[in-house]
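K.L.:
Protein chains in written order, with the numbering used here: chain L, 1 to 254; chain H, 255 to 508; chain F, 509 to 762; chain U, 763 to 1016.
Calculated directly from the structure, the hints in this document are not laboratory data.
One should not assume that every hint holds.
Lysine-lysine pairs mimicking DSS-like chemistry, simulated, CA-CA at most 25 Å apart [to be verified]:
1. L/K10 to H/K427
2. U/K916 to U/K969
3. L/K44 to H/K427
4. U/K916 to L/K139
5. F/K681 to H/K264
6. F/K551 to U/K938
7. H/K429 to L/K102
8. L/K44 to H/K393
9. F/K518 to U/K935
10. U/K875 to U/K776
11. U/K772 to L/K173
12. F/K549 to H/K356
13. L/K139 to U/K806
14. U/K806 to F/K552
15. U/K901 to F/K551
16. H/K393 to H/K266
17. L/K139 to U/K805
18. L/K173 to U/K806
19. U/K901 to F/K549
20. U/K937 to F/K551
21. H/K298 to F/K681
22. L/K207 to L/K113
23. H/K264 to F/K683
24. L/K102 to H/K356
25. F/K647 to H/K297
26. U/K772 to L/K176
27. F/K610 to F/K684
28. F/K610 to U/K864
29. L/K176 to U/K805
30. H/K427 to L/K43
31. F/K683 to H/K297
32. L/K176 to U/K806
33. F/K647 to H/K295
34. U/K805 to L/K173
35. F/K681 to H/K297
Now the in silico label distances, taken between C-beta atoms and shown as ranges [claimed, not checked]:
36. H/E263 to F/H514: 35 to 43 Å
37. U/L954 to L/K154: 30 to 38 Å
38. H/K408 to F/K663: 50 to 58 Å
39. L/V7 to U/E981: 50 to 58 Å
40. H/V460 to L/N15: 56 to 64 Å
Virtual Cβ for every residue (Gly too), placed ideally from N, Cα, C.
4 protein chains.
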Amino acid sequence: MESWIHVSEKVKLKNPILIEGLPGIGNVGRVATGYLINQLKMKKFAELYSPHFLPLVLVHENSEVHVLNLEFHYMKGKRDIVVLTGDTQSISPEGHYEICSKIVEFAETLGIKEIITLGGFSEGKSMSKPAVLAAVNNKEMIKKYKKFDIDFGKKHQVGTIIGASGLLLGLAKPKKIDGICLLGETSGMPMLTDPNAADAILHILVKILGIKLDFTMLEKSIVEMQERIKKSDGLHKRMLEQLGAKEEPVRYIG
Amino acid sequence: MESWIHVSEKVKLKNPILIEGLPGIGNVGRVATGYLINQLKMKKFAELYSPHFLPLVLVHENSEVHVLNLEFHYMKGKRDIVVLTGDTQSISPEGHYEICSKIVEFAETLGIKEIITLGGFSEGKSMSKPAVLAAVNNKEMIKKYKKFDIDFGKKHQVGTIIGASGLLLGLAKPKKIDGICLLGETSGMPMLTDPNAADAILHILVKILGIKLDFTMLEKSIVEMQERIKKSDGLHKRMLEQLGAKEEPVRYIG
Amino acid sequence: MESWIHVSEKVKLKNPILIEGLPGIGNVGRVATGYLINQLKMKKFAELYSPHFLPLVLVHENSEVHVLNLEFHYMKGKRDIVVLTGDTQSISPEGHYEICSKIVEFAETLGIKEIITLGGFSEGKSMSKPAVLAAVNNKEMIKKYKKFDIDFGKKHQVGTIIGASGLLLGLAKPKKIDGICLLGETSGMPMLTDPNAADAILHILVKILGIKLDFTMLEKSIVEMQERIKKSDGLHKRMLEQLGAKEEPVRYIG
Amino acid sequence: MESWIHVSEKVKLKNPILIEGLPGIGNVGRVATGYLINQLKMKKFAELYSPHFLPLVLVHENSEVHVLNLEFHYMKGKRDIVVLTGDTQSISPEGHYEICSKIVEFAETLGIKEIITLGGFSEGKSMSKPAVLAAVNNKEMIKKYKKFDIDFGKKHQVGTIIGASGLLLGLAKPKKIDGICLLGETSGMPMLTDPNAADAILHILVKILGIKLDFTMLEKSIVEMQERIKKSDGLHKRMLEQLGAKEEPVRYIG
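Here chain L stands alone, though its shape is the one from the complex (with noise of 0.2 Å):
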């Protein structure tokens, strides 16, 4: 049984740029994607789901069940953009490839020629502003982006990037869509929702982009998400502990 892709609404897209965040270290690319969303009014175009994900439904406040998924909203511009965030990435190593190699296809057919994962660095202590780090599958994104207050090594090497936003660059390249992944620096605690991390991240984001985001609700915001968050990151501990595992996998870069 192979991850699936549920369209909601088929959309027309012009010259659009997909932008990815997803649970991981310091939840800095899940934070700042719905941040994205909410802010920018985006809209649900389409989920998708996979054996590969916590065999649980998530219960909201007015009853009603949710299976943990992803989801891909949309916005109109003048350069169309699409954001992948959602609930939780792969626990086997397997699906990480399924699940990207889908996004893949998925933004192909789509027009994407260009992504942006995002994700936080881990440097193991604290720091008072937050560089943000980058690799790409491709060193022309590097000429593009060098403008921005971006480093590219100079100061901190990367080295590797687990999960969604490293292999989704790399699988991204054989088909020519160029990548570029921006990590933001937390301060050490990878568990912990590190919204200065995020923030760093949103405010290179939006030069990029070229739209306009009110940051001032930034930190409300993450109150607010943290509650969700708290509840999967709680339930995956939980559902590992039962299927035998000792620790919680949800420590990707991002």
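With the hints as your guide, set chains H, F and U onto chain L.
P.N.:
Chains H, F and U only, in chain L's frame:
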């Protein structure tokens, strides 16, 4: 290799409803469906086998082997009733998705438009009279069933439902099959079969189904079922130890 | 990738019966089938390979590599006999189902109508004369075999049979292939090869098959087999340690 | 989702031989093939990707991401040579079978009739001059190669070969592809890259291949390779810890 359903009798059903109850917390769902099947003398017409079940056979007292499976039973009435019960749930996360997808597909072919899943909800403490909590996959179901003594999140927040009882509702939704999950509050020990929680659920279920049920045999019936349940619970534990896992996964909500 | 069977000789068999014995508790099944094959000079005609076996090769003393496999041997007679033996069993639960399904399908193509599986039954204590217990997939088999010195649940309750010896019977049933599992009582140490249990089973098996067998070499033969068994048992353990598992799964009943 | 091979250059090869060396004990095979490729300026023409590799990307110093893969390089000569090297091996048992099957199939399409796999053999003690042990998938290979300084089981019994170096030979046999595995004796610490063992293997390999190789850069080259190897070894470890596994599986013989 995929899970498969063996249909032993082709049945034509009138406006059928599916009731699911598998092993889980307090064995509430399993005990409730087992009692229904016995008391109502329902007839088995299909079996589901899966490579995601433990690779073993039970040996009955008459020396016959029994491959772990799930069983579909039916009963004719004003509204035909299908009951799904079984020995086990998937031992892998992917398996849950595959098995629940097969069940939903099979339900579709039977013309089923509504699913009621049964399970337990562990509060971690004892109570005098167990409440029945619920989650739905369609808000209309709350309207339909609010007249019964069901707590739709007023006193107890369900949060999540792990395993078949939750996933069935989630996967049934895009097929336009309405679903409600009834969870009987159990008093803390998730591995102990809880007759009170099963009794509480069954009292609501008979009202929903408009059927009559003799409750006097429930306790006695549970004592008998316990024999078989204990045997397979012990097996799960032993097998999983052999497979290197340290904790048994038979702790689904339902 | 699925398990596959490589047929090296196409055989036409007359009313063939399949005898299965793979590594398991006391190595009873494996030793018994190995002795049959050697003493009766049976001929190998097919091999089963599986991605669910350990990913390694044994290196024989002549420096040739050997991929872990199961082997089908046959012997012509009043009734043709096929014997299935092998190096290992599946290391994953799903693999057991897939491999046993392949075996049953292959048995069907050979025209096999009856399967006898062999294994050990660990009592956790030593005994002077090991009993032979049995389970069947069809009540008729009890009638057919009750004249032999087999305990159909009178003194010992089998309860469950883990792995191929049980699953083969279970999966053969819907194919109308009758099956009986003979379990030789072994004296407690499941990982020690038990010649007495193998001897007890073989004495009943020769009566069932109506063949003659020289038993004088059994002990000696086991000493020789032990070398190879030890090597692959050690491998299982070492490999599984490398794969992060802590206990070796080579403790099937049969 | 299956492993896949991406062919970047269609090559026509003359009587080609395949040399395989992947990460494993002492990194003997990987270091030997890496040195061959660099010194002989071989050209990459195909890459193998797999969902059975760790779901991560390496980030090079130039900020470009690299998906873990295996690489096929070739060199024209009297006899064309194909060298298979790579970042990793499968992290699941099933993956080993699938990946090795893909490699053997690909080798067939290239017209390869002989495979030499390279690995390390850990003796658990240090030695002055490492021996080169061997195993074959066809007795004829012993005759062919006994003139070289190879130990075909006289002093050292190999016993088993875990991972690609063994499985490739085993799976190549039914395809009528001859195979020999050369194992360089390493001095005990399986996780330390061992230049002496690689040197010993390479000296025999150049004689077999009838090529010239400058050995003076081997030690220097290994120091350089170590950087990258360390990085991915560390990653394996970290990732596997995250996935709940406690030991890293990068301890194949080759």
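K.L.:
Hint by hint, say whether it matches the structure.
P.N.:
Against the structure, the hints:
For the given pair, L/K10 sits about 20 Å from H/K427 by alpha-carbon distance, which is consistent with the 25 Å threshold. In summary, the hint linking U/K916 to U/K969 is supported, as the alpha carbons are separated by about 21 Å, within the 25 Å threshold. Annotation: proposed proximity of L/K44 to H/K427 holds, straight-line Cα distance about 17 Å (limit 25 Å). The suggested pairing of U/K916 with L/K139 is violated, with an alpha-carbon distance near 54 Å, which exceeds 25 Å.
Distance check on the hinted pair: F/K681 and H/K264 sit about 20 Å apart at the alpha-carbon level, within 25 Å; holds. The hinted pair formed by F/K551 and U/K938 meets the criterion: a straight-line CA distance of about 22 Å does not exceed 25 Å. The suggested pairing of H/K429 with L/K102 holds, with an alpha-carbon distance near 22 Å, which does not exceed 25 Å. A C-alpha spacing of about 20 Å is found between L/K44 and H/K393, which places the hinted pair at or below 25 Å, so the restraint holds.
The straight-line distance between the Cα atoms of F/K518 and U/K935 is roughly 20 Å, inside the 25 Å bound, and the hint therefore holds. Using a Cα cut-off of 25 Å, the hinted pair U/K875 and U/K776 holds, with the two alpha carbons roughly 11 Å apart. Restraint check for U/K772 and L/K173: the C-alpha separation of about 20 Å stays at or below 25 Å, so the hint holds. Taking the CA atoms of F/K549 and H/K356, the gap is about 47 Å. The hint is violated against a cut of 25 Å.
Taking the CA atoms of L/K139 and U/K806, the gap is about 20 Å. The hint holds against a cut of 25 Å. In summary, the hint linking U/K806 to F/K552 is not supported, as the alpha carbons are separated by about 43 Å, beyond the 25 Å threshold. A threshold of 25 Å between alpha carbons decides the hint, and for U/K901 with F/K551 the separation of about 22 Å falls inside it, so the pair holds. Distance check on the hinted pair: H/K393 and H/K266 sit about 29 Å apart at the alpha-carbon level, beyond 25 Å; violated.
Restraint check for L/K139 and U/K805: satisfied, since their Cα atoms lie roughly 22 Å apart, inside the 25 Å limit. Between the alpha carbons of L/K173 and U/K806 the distance comes to roughly 17 Å, so the proposed pair stays at or under 25 Å and holds. Taken as a hint, the U/K901 and F/K549 pair is honoured in the structure, with Cα atoms around 24 Å apart against an allowance of 25 Å. Only pairs whose Cα atoms come within 25 Å are accepted, and U/K937 paired with F/K551 is accepted, the gap being roughly 23 Å.
Taken as a hint, the H/K298 and F/K681 pair is honoured in the structure, with Cα atoms around 17 Å apart against an allowance of 25 Å. The suggested pairing of L/K207 with L/K113 holds, with an alpha-carbon distance near 18 Å, which does not exceed 25 Å. In summary, the hint linking H/K264 to F/K683 is supported, as the alpha carbons are separated by about 19 Å, within the 25 Å threshold. A distance of roughly 22 Å separates the Cα atoms of L/K102 and H/K356; the hinted pair therefore holds under the 25 Å criterion.
About 22 Å separates the Cα atoms of F/K647 and H/K297, which keeps this hinted pair within 25 Å; it holds. For a cut-off of 25 Å, the pair hint linking U/K772 to L/K176 stands: about 20 Å separates their Cα positions. Simply put, F/K610 and F/K684 have alpha-carbon atoms about 16 Å apart, close enough for the 25 Å limit, and the pair holds. In summary, the hint linking F/K610 to U/K864 is supported, as the alpha carbons are separated by about 22 Å, within the 25 Å threshold.
Distance restraint check for L/K176 and U/K805: the Cα-Cα separation of roughly 22 Å lies within the 25 Å cut-off, and the hinted pair is therefore satisfied. A distance of roughly 21 Å separates the Cα atoms of H/K427 and L/K43; the hinted pair therefore holds under the 25 Å criterion. This hinted pair checks out: F/K683 and H/K297 have alpha carbons roughly 22 Å apart, not beyond 25 Å. Among the hinted pairs, L/K176 with U/K806 is consistent with the structure: their alpha-carbon atoms are about 20 Å apart, no more than 25 Å.
Straight-line distance between C-alpha atoms of F/K647 and H/K295 comes to about 24 Å, which keeps the hinted pair within the 25 Å bound. Between U/K805 and L/K173 the alpha-carbon distance is near 21 Å, which keeps this suggested pair within the 25 Å criterion. Taking the CA atoms of F/K681 and H/K297, the gap is near 20 Å; set against the 25 Å cutoff, the hint holds. The hint said 35 to 43 Å for the Cβ distance between H/E263 and F/H514, and at roughly 39 Å that hint holds.
Distance hint check: the CB atoms of U/L954 and L/K154 are about 32 Å apart, consistent with the given range 30 to 38 Å. Look at H/K408 against F/K663: about 57 Å separates their beta carbons, and that is inside 50 to 58 Å. Remark: the range hint 50 to 58 Å for L/V7 to U/E981 is upheld by a beta-carbon distance near 57 Å. Checked against the hint of 56 to 64 Å, the pair H/V460 and L/N15 passes, with Cβ atoms roughly 60 Å apart.
Checked against the numbered hints listed earlier, the structure breaks hints 4, 12, 14 and 16; every other hint is satisfied.
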